[in-house]
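K.L.:
Line by line, the protein sequences are chains S and G.
Sequence positions in the first sequence follow our numbering and run 5 to 358.
Sequence positions in the second sequence follow our numbering and run 5 to 358.
Just so you know, these hints were derived from the structure itself, not from any lab.
Quick caveat: nothing in here was measured; it's all calculated off a predicted structure.
Do not rely on the hints blindly, as some may be mistaken.
For identical chains, the list gives no copy identity; a pair is met inside one copy or between any two copies.
In silico PhoX-like links for lysine-lysine, alpha-carbon gap of 25 Å or less [unchecked claim]: (1) Lys46 <-> Lys200; (2) Lys116 <-> Lys85; (3) Lys34 <-> Lys319; (4) Lys116 <-> Lys207; (5) Lys34 <-> Lys206; (6) Lys116 <-> Lys210; (7) Lys302 <-> Lys207; (8) Lys126 <-> Lys302; (9) Lys210 <-> Lys111; (10) Lys85 <-> Lys111; (11) Lys252 <-> Lys229; (12) Lys46 <-> Lys210; (13) Lys126 <-> Lys111; (14) Lys46 <-> Lys34; (15) Lys333 <-> Lys302.
Protein chains: 2
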Amino acid sequence: MYENYWQQMGERTTVVIPGWQSMSYFSDVKNPCWFLEPEFAKQVVRLHNVVGNAVTDGRQIVVGTGSSQLFLAALYALAPKDGSEPMSVVSAAPYYSSYPSMTDCLKSGLYKWAGDARSFNKEVPYIELVTSPNNPDGFVRHSMVNRTGGILVHDLAYYWPQYTPISSPADHDLTLFTVSKATGHAGTRIGWALVKDLEVAKKMIKFIELNTIGVSRDSQLRAAKILEVMTNTSENLGSFDSHESFFKISYHLMAERWQLLRVAVNRSRAFSLPDFTPGFCHFLNQDSQPQPAFAWLKCEDDHVEDCESFLRGYKILTRGGRHFGVGPKYVRISMLDRDNNFDLFVKRLSTIQS
Amino acid sequence: MYENYWQQMGERTTVVIPGWQSMSYFSDVKNPCWFLEPEFAKQVVRLHNVVGNAVTDGRQIVVGTGSSQLFLAALYALAPKDGSEPMSVVSAAPYYSSYPSMTDCLKSGLYKWAGDARSFNKEVPYIELVTSPNNPDGFVRHSMVNRTGGILVHDLAYYWPQYTPISSPADHDLTLFTVSKATGHAGTRIGWALVKDLEVAKKMIKFIELNTIGVSRDSQLRAAKILEVMTNTSENLGSFDSHESFFKISYHLMAERWQLLRVAVNRSRAFSLPDFTPGFCHFLNQDSQPQPAFAWLKCEDDHVEDCESFLRGYKILTRGGRHFGVGPKYVRISMLDRDNNFDLFVKRLSTIQS
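Could you build the full structure based on these sequences and the hints that come with them?
P.N.:
Written out as structure tokens, the structure is:
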């Protein structure tokens, strides 16, 4: 979806890396995160300051091979090394479908997946993943476990103006972001964490050392260039016009897509979508509508038990609710596909009658 | 050490990536390893064919964020998911110092570090890591566990003509390579595995999905370019002269350094180095001398217990033998540092008298 925009930006985001550059493992030996490219760190801070979606002061930036690696690094850093049993990891359903498998794939003795945060009632310490806006359903979220003693990890991959109103700068202990959802560059595999406690950050850095001995410097340099252009077009600086603003253009694209989708869903009457409340976006300086990167579609037809296989019959590929810890009446559909695919999906959906 | 060479190659290894390229997660949807860049895979095969250090026919190539990630992926793929206890992972001492911490850092229920392969005698299945030439001591290695039932993982990071004679193409079940040791581009974080059994490869791919959702496409494109130039200069094709051959130049650089080091060690008489037997290198088409990427130095002075702290007193930074599963009389020193640092190290070493 974002490809067109970056094509229009032309050479401004082209990265050129000569063969003899960035050869060493080390990006910045003076930084606790020795594999963090200073230019990438600088552009992360600039972008958050311009968008106003996260406090960066007094935070250690930890770069990761996507936010997946940072999620695992956070579990490693937060779970006690000598606990009598693995620490519980929870998130309110519907939750990001990869959390359980990522948490449990190595049968770690440090942490284990403990399911839906809403029903978690064990009297033990726990890590709660707060994804806001939430993947898959797009709602703004806060901690859901009804007691103290938990450690929160905020996954704010979608807390950008094109998806949700920016109400205030996030100011949490440990926050994850990723280039893939902000700019569309998923193949670059770059994410970052903002970490308040330096000791926690150091443990995350240790994990990334043990896991991949740092993070691709080439990708960080590329990501830095892309974030720089995003920030410049948002500040309306230099040679950029306001109609080149990445977030404004993306916001309107998402708005268009959501409108098309809602028309199709209303026409078909076999489905429903979440209803969102608009909020004031301090970045766009206007009321703005939540318009998530995923549509969380519910099948309203009583005769349909399994919405995923029902839609597959209409050549619409989705991910069923069971993966997200809820029932099969729900499916998740990407709203970020290429124009052609999105148009085809909406067309097919609108023909289905209950 | 390799920086000069790549500078001389000029723009031939410069990579240019426009902002709209390689945005998707997917590199090649038809490949089981869907995050493998076809151009990178092609250059890996070409390079192995020209160097003659590994059979690629009938192998699945799996790309990783360095060979560290591939090592972890191999453990995940080879350990049974439902074993009554974690599978033992062994390697003959002295072994690569990161193996134990990488294996045990998450207290996995799938596998655990079980120490020196030579003393391993439990009647259970095991994974043996065979590093050849070995890090830290540079010797060519084969399996050391004296019984059957083991699964071998061959770490051939240093099986390149500048370090060791290429005696024949490696033809193992699961072999790891990494760009960092072949070309010097450590910051690019790209490694690859050659895997005979497709089911094992698929599990490794699954691990990398869960760990980092693929591997930086930018880095793969850069690595492809670098490997391409290495192969071209080795084939003596097109616009390259034979004096531009990466491996010939690197071989002579390493030979020079080892000669300087041996002179210094002989002069000081406080230390000894391993003695290697030359062998015929089918790539260089001549007898060639093993000249490892690390010097495995033994302190011969009876009054010195801890060689690492002894050398620190002379401002020589090393890694002590205990990290590698042996005694503190040994230290490992990099032979790949920049010219200035290497010269300083040799100078300082030669002044030490027993």
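K.L.:
Give the relationship of Lys116 and Lys207 under a CA distance limit of 25 Å: within one copy only, between copies only, both, or neither.
P.N.:
both (18 Å within a copy, 21 Å between copies)
K.L.:
Is the C-alpha distance from Lys46 to Lys210 at most 25 Å within one copy, between copies, in both cases, or in neither?
P.N.:
within (22 Å within a copy, 34 Å between copies)
K.L.:
Between copies, within a copy, both or neither: which fits Lys126 and Lys302 at Cα up to 25 Å?
P.N.:
neither (31 Å within a copy, 55 Å between copies)
K.L.:
Are the CA atoms of Lys34 and Lys206 at most 25 Å apart within a copy, between copies, both, or neither?
P.N.:
within (13 Å within a copy, 39 Å between copies)
K.L.:
If the cutoff is 25 Å on CA atoms, where do Lys333 and Lys302 land: within, between, both or neither? Let me know, please.
P.N.:
within (6 Å within a copy, 68 Å between copies)
K.L.:
If the cut is 25 Å between Cα atoms, do Lys46 and Lys34 qualify within a copy, between copies, both or neither?
P.N.:
within (15 Å within a copy, 38 Å between copies)
K.L.:
Measure nothing new, just compare the shortest in-copy and cross-copy C-alpha distances for Lys252 and Lys229 to 25 Å and report within, between, both or neither.
P.N.:
Only inside one copy: Lys252 and Lys229 sit 19 Å apart there, 37 Å across copies, limit 25 Å.
K.L.:
Is it within a copy, between copies, both, or neither that the alpha carbon of Lys116 lies no farther than 25 Å from that of Lys210?
P.N.:
Result: close both inside a copy and across copies, 20 Å intra and 19 Å inter.
K.L.:
From the Cα coordinates, with 25 Å as the cut-off, is the pair Lys126 and Lys111 best called within, between, both, or neither?
P.N.:
Both, since 20 Å and 23 Å are each at most 25 Å.
K.L.:
Quick one: Lys34 to Lys319, C-alpha cut-off 25 Å, is that within a copy, between copies, both, or neither?
P.N.:
between (53 Å within a copy, 20 Å between copies)
K.L.:
Taking 25 Å as the upper bound on the Cα-Cα distance, should Lys302 and Lys207 be classified as within, between, both, or neither?
P.N.:
neither (41 Å within a copy, 33 Å between copies)
K.L.:
Within a copy, between copies, both or neither: which one fits Lys210 and Lys111 at a CA-CA cutoff of 25 Å?
P.N.:
Both ways: Lys210 and Lys111 sit 20 Å apart in one copy and 15 Å across, limit 25 Å.
In this structure, the hints that do not hold are numbers 7 and 8, in rising order.
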